[in-house]
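**Q** The lines below spell out each chain.
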Amino acid sequence: MAFLLFKLALFLILLATGGFIVYIIKQQKTVYTWSYRILLAGFVCHTLFLAHEYYSLGAAPVLSLKSALSFFSWTIIGAYLIFQLRFKLMVLGSFVAPLAAFLMIISSTIPGMEVVVKPMYRSIWLTIHVVTIFMGNGMLAVTFVAAIMYLIQEHQIKRKRLGSIYSRLPSLETLDSINYYALMYGFPLLTVGMITGSIYAQYALGSYWRWDPKEVWSLITWLFYATLLHERVAVGWRGRKAAIMSIVCFLVLLFTFIGVSLWLSDYHSFKTIEGRTGI
Amino acid sequence: MIKIVNLGMNHETAPVELRECLAREPGNTSTALASMRKLQSINEGLFISTCNRVEALYTSEAPEEARRSVIALLSDLGDMPEHAFSSNLYTFEDAEAIRHIFRVASSLDSLVVGEPQILGQIKEAYYQATKEKTAGVVLNRLMHKTFHVAKRVRTETGIADAAVSISYAAVELAKKIFYDLEGKLVLLIGAGEMAELAARHLMAHGVTSIRVANRTFSRAVQVAESFNGSAVSFDEIGAQLLEADIVVTSTASTEYVINHELVKGCLRKRRNRPLFFIDIAVPRDVEPRVNDLGNVYVYDIDDLKGVVEINVAQRRQEAVKAERIVQEEVIKFEKWIKTLEVVPTIVSIREKAEAIRQAEIKRSLSSLGQLDPSQRKAIETLTLSLAEKIINDPIVVLKRKADRPTRDTYLDIARRLFNLDQENGAEE
Chain A
173 MAFLLFKLAL FLILLATGGF IVYIIKQQKT VYTWSYRILL AGFVCHTLFL AHEYYSLGAA
233 PVLSLKSALS FFSWTIIGAY LIFQLRFKLM VLGSFVAPLA AFLMIISSTI PGMEVVVKPM
293 YRSIWLTIHV VTIFMGNGML AVTFVAAIMY LIQEHQIKRK RLGSIYSRLP SLETLDSINY
353 YALMYGFPLL TVGMITGSIY AQYALGSYWR WDPKEVWSLI TWLFYATLLH ERVAVGWRGR
413 KAAIMSIVCF LVLLFTFIGV SLWLSDYHSF KTIEGRTGI
Chain B
32 MIKIVNLGMN HETAPVELRE CLAREPGNTS TALASMRKLQ SINEGLFIST CNRVEALYTS
92 EAPEEARRSV IALLSDLGDM PEHAFSSNLY TFEDAEAIRH IFRVASSLDS LVVGEPQILG
152 QIKEAYYQAT KEKTAGVVLN RLMHKTFHVA KRVRTETGIA DAAVSISYAA VELAKKIFYD
212 LEGKLVLLIG AGEMAELAAR HLMAHGVTSI RVANRTFSRA VQVAESFNGS AVSFDEIGAQ
272 LLEADIVVTS TASTEYVINH ELVKGCLRKR RNRPLFFIDI AVPRDVEPRV NDLGNVYVYD
332 IDDLKGVVEI NVAQRRQEAV KAERIVQEEV IKFEKWIKTL EVVPTIVSIR EKAEAIRQAE
392 IKRSLSSLGQ LDPSQRKAIE TLTLSLAEKI INDPIVVLKR KADRPTRDTY LDIARRLFNL
452 DQENGAEE
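Sequence lines, in order, name chains A and B. The numbers in my numbering rise by one with no breaks, and the one at position 162 of the first sequence is 334. The numbers in my numbering rise by one with no breaks, and the one at position 292 of the second sequence is 323.
Source of the hints: derived by calculation from the structure; they are not laboratory data. Be aware that a few hints might be false.
BS3-like cross-link-like pairs, simulated, lysine-lysine; straight-line CA separation at most 27 angstroms [as the list claims (entries may be wrong)]:
1. B/LYS363 x B/LYS352
2. B/LYS363 x B/LYS34
3. A/LYS330 x B/LYS336
4. A/LYS201 x B/LYS162
5. A/LYS332 x B/LYS206
6. A/LYS332 x B/LYS34
7. B/LYS34 x A/LYS260
Since the structure is predicted, the reported quantities are computational estimates derived from the model, not experimental observations.
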């Protein structure tokens, strides 16, 4: 049942992604409308799948890289849907959906293994930690996508080559606002996620901070985003500089999320890959 | 057999002096419609008069006579002899006429393909025709279809998407930078005609505050007044750049009015808000290097011309798509027109059936004696459904043949079988 829901979600998200790509080329509104509906249906399936996982595990469904990626993809689509309500930008889906679909595909190719749920995973602090961190990641993924779109559009306008991409992308101001708002929501979530994480560490492992590589890299990521936010709010960075910085920040975040967990982490790694315990 | 005819002249067939003569007075349309209504040869009529075209769209059963009358009407209207303009006229009939009006309303026949005004003008012409009661079944349907086609062309093709004038291209660019122009501040430096046009376009898209700087201050005041803006002195430009969002330059200055240092100096104080320079002066007023600064965009007259050229080419491509839509709709409309031809026969069959039914009921009722209302009702229903079922199949066949070449044969046979043309025919 759960497996079926996941497959269905994957299928719908891929279908919607295809639709969004057709939309950006053909510019037919009905294609967009259907892609959006399909994506919404996929999101609902995915939500049901995650709810089921949470219910049956009794812990947030992020205990393996497979489920972590799937959860990440869910938060990205969630963040996109929120921004869609606010900005009504049809073209945004054409950039967000492929990213979400990409993570889903990787997630689906990793073989699923039985996860042993230790009693210490069934903590409310862990759930809060995971949910806020991932929602923050979803929002920050949107800043990344908006930044890429901004750079493409800015390049077109600066170079005065107004091709078909130019007419399909929204205005610079819109893209910059999306980038800004996603950062404004994403950063607090990231912060809360890290604080609750350390509270959970105190509760489960006996200390708030253990200088684990994952912790250190999370702090580095946080500092990167803090810098970006500071420059934006206090100094007045915007546009191109802010866009480049959000891309750099997100790459650091991705490294922390996947790279550190796979290669560096001590206790914070994915069990199914490294055979260790912990998340 | 009703013909739809379109007779007139446009910017391609007639020089402006000629079109002027015909479109001189604003009341022309209603005069023309009034005289068309009086003409016996014309069933329904519509008169379009814009600066690029003058044409009459009418339906007639005597097209030759109608044509002569309409030309006479045009000659009266323009107060000139027929031979002065007869060579400039075009005439379209039936499918061609339908296509022509579809193309005109979709702005495919316009001087600037894709310009949006023409549809409004056609709607106005139709409104006049309904007011003067010169539009009937055919034109009503044709005009509604026309508006439908124009809408399809607008939404399904990019024919009106891209700007094809320099000042409009500048507005489009501004919207791609700022999204919403409302609340943006425009600074005009120098006050040429082009700059004023650009400013007017910007205002039409939401800009509310305009400031004008000019070497001669009195001129600045004068221009500012016409925009409800304020005048600033030429030396204040540096300070004004801190607040402005869009700067339109058009001075006759031979050196740069806006240079790299000036703009660079104000960026941080502006907190990097985007700044858009539209430089329509030749020689240029804004140093090209300014474009290299972050969040600053400079478009000079050549850049804008380049944008317009691309857009014109794009419109031409979209026009091909639009022509296909028009063709599709012409075929649909023709189908409907042809069904009109079978309507009188169908009506006659129905009338005949009804007449027989009434006569037979009358005869039978007298021999049936006293009947209560429910029995009477039953007889009504019985005869009605009998008659309807008998004529139903022939009518369906006729409708199906309405747009086939064999239509006339079928009509002829139907009229004979039902004996519709000789009232006291072969019954005995």
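**Q** Decide if the proposed pair is consistent with the structure: B/LYS34 and A/LYS260, CA atoms, cutoff 27 angstroms inclusive.
**A** Cα-Cα ~49 angstroms, so violated.
**Q** With the threshold set at 27 angstroms, check whether the alpha-carbon distance from A/LYS332 to B/LYS206 stays at or below it.
**A** holds (15 angstroms)
**Q** Measure nothing beyond the straight line between the CA atoms of B/LYS363 and B/LYS34; if it is 27 angstroms or shorter, mark the hint as holding.
**A** Roughly 17 angstroms separates the two Cα atoms, so the pair holds.
**Q** Are A/LYS332 and B/LYS34 close enough, with their CA atoms no more than 27 angstroms apart?
**A** violated (52 angstroms)
**Q** Has the given pair, A/LYS201 with B/LYS162, been kept, meaning a C-alpha gap of at most 27 angstroms?
**A** This hinted pair is violated, its Cα atoms lying about 37 angstroms apart.
**Q** Between A/LYS330 and B/LYS336, does the CA-CA distance stay at or below 27 angstroms?
**A** Given pair A/LYS330, B/LYS336 holds - Cα atoms ~16 angstroms apart, limit 27 angstroms.
**Q** Measure nothing beyond the straight line between the CA atoms of B/LYS363 and B/LYS352; if it is 27 angstroms or shorter, mark the hint as holding.
**A** Roughly 17 angstroms between the alpha carbons, so the hint for B/LYS363 and B/LYS352 holds.
Hints 4, 6, 7 from the earlier list are contradicted by this structure; the remaining hints agree with it.
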